[in-house]
Amino acid sequence: MRLLCSWMCRAHCHRVIKLSGTLGNFAPEKELVENVHGVRRTFLDAGKQVRDIIVSRKGATHEVFGPDATPTIYFIGKMLWSKGLGSLMELIQYAEESAGLKVKVDMYGGGPDKDEAEARAKKMGLDMPFHGPLDHGELTASHK
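Our numbering numbers the first residue of the sequence shown as 393 and each following residue consecutively.
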């Protein structure tokens, strides 16, 4: 697959503009890294804090990161139907009905479809609290 991607980039792209240098190299002679936003230091520091918790003695019993912790699911982004919110809701409902699961998805973000999406989730009986906008780094302490 990597070879195919490399061939396609070389054959069909005049220039490959990447937003991060961490992405794979498919056509190095055509690639340009335009780090428009980059990764904020606070986000990297939050990841290091999580790592420190996991490898410490507290990690074995930590309420969020320990092996017996309840898994958490969240969506973070602009609340738009075009991002698949409707499909997400339908799939959650299907999982709950067909497998007897109870799924909670914390929703973080704002956007033009937020109120309508929140109403639809409520109408469908989904455990999908809408919390409003939040920085990615702030989720590190509460979500695995």
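Take the hints with a grain of salt, since some may be wrong.
To be verified - Simulated pairs of lysine to aspartate or glutamate, DMTMM-like, Cα-Cα distance not exceeding 25 angstroms: (1) 515 <-> 530; (2) 475 <-> 460; (3) 450 <-> 460; (4) 514 <-> 460; (5) 470 <-> 426.
Said to hold, decoys possible - Have a look at the derived ranges for each label pair, beta carbon to beta carbon: (6) 514 <-> 406: 47 to 53 angstroms; (7) 434 <-> 502: 17 to 23 angstroms; (8) 455 <-> 526: 18 to 24 angstroms; (9) 475 <-> 406: 18 to 24 angstroms; (10) 433 <-> 504: 27 to 33 angstroms; (11) 492 <-> 515: 17 to 23 angstroms; (12) 493 <-> 439: 27 to 33 angstroms; (13) 450 <-> 400: 43 to 49 angstroms; (14) 512 <-> 422: 26 to 32 angstroms; (15) 395 <-> 472: 32 to 38 angstroms; (16) 434 <-> 512: 41 to 47 angstroms.
Honestly, the hints are just simulated from the structure, not real lab data. Beta carbons: idealized from backbone N, C-alpha and C, even for Gly.
Okay, the hints, checked on the actual structure:
1. 515 <-> 530: The hint is violated at about 29 angstroms.
2. 475 <-> 460: 32 angstroms, violated
3. 450 <-> 460: Within the cut-off at roughly 13 angstroms; holds.
4. 514 <-> 460: Violated: residue 514 and residue 460 sit about 30 angstroms apart, past 25 angstroms.
5. 470 <-> 426: 23 angstroms, holds
6. 514 <-> 406: 47 to 53 angstroms: Given about 49 angstroms between the Cβ atoms, the range holds.
7. 434 <-> 502: 17 to 23 angstroms: 20 angstroms, holds
8. 455 <-> 526: 18 to 24 angstroms: At roughly 20 angstroms between Cβ atoms, residue 526 and residue 455 fall inside 18 to 24 angstroms, so the hint holds.
9. 475 <-> 406: 18 to 24 angstroms: Given about 30 angstroms between the Cβ atoms, the range is violated.
10. 433 <-> 504: 27 to 33 angstroms: 31 angstroms, holds
11. 492 <-> 515: 17 to 23 angstroms: 21 angstroms, holds
12. 493 <-> 439: 27 to 33 angstroms: 29 angstroms, holds
13. 450 <-> 400: 43 to 49 angstroms: 47 angstroms, holds
14. 512 <-> 422: 26 to 32 angstroms: About 44 angstroms separates the Cβ atoms of residue 512 and residue 422, which means 26 to 32 angstroms is violated.
15. 395 <-> 472: 32 to 38 angstroms: 35 angstroms, holds
16. 434 <-> 512: 41 to 47 angstroms: 33 angstroms, violated
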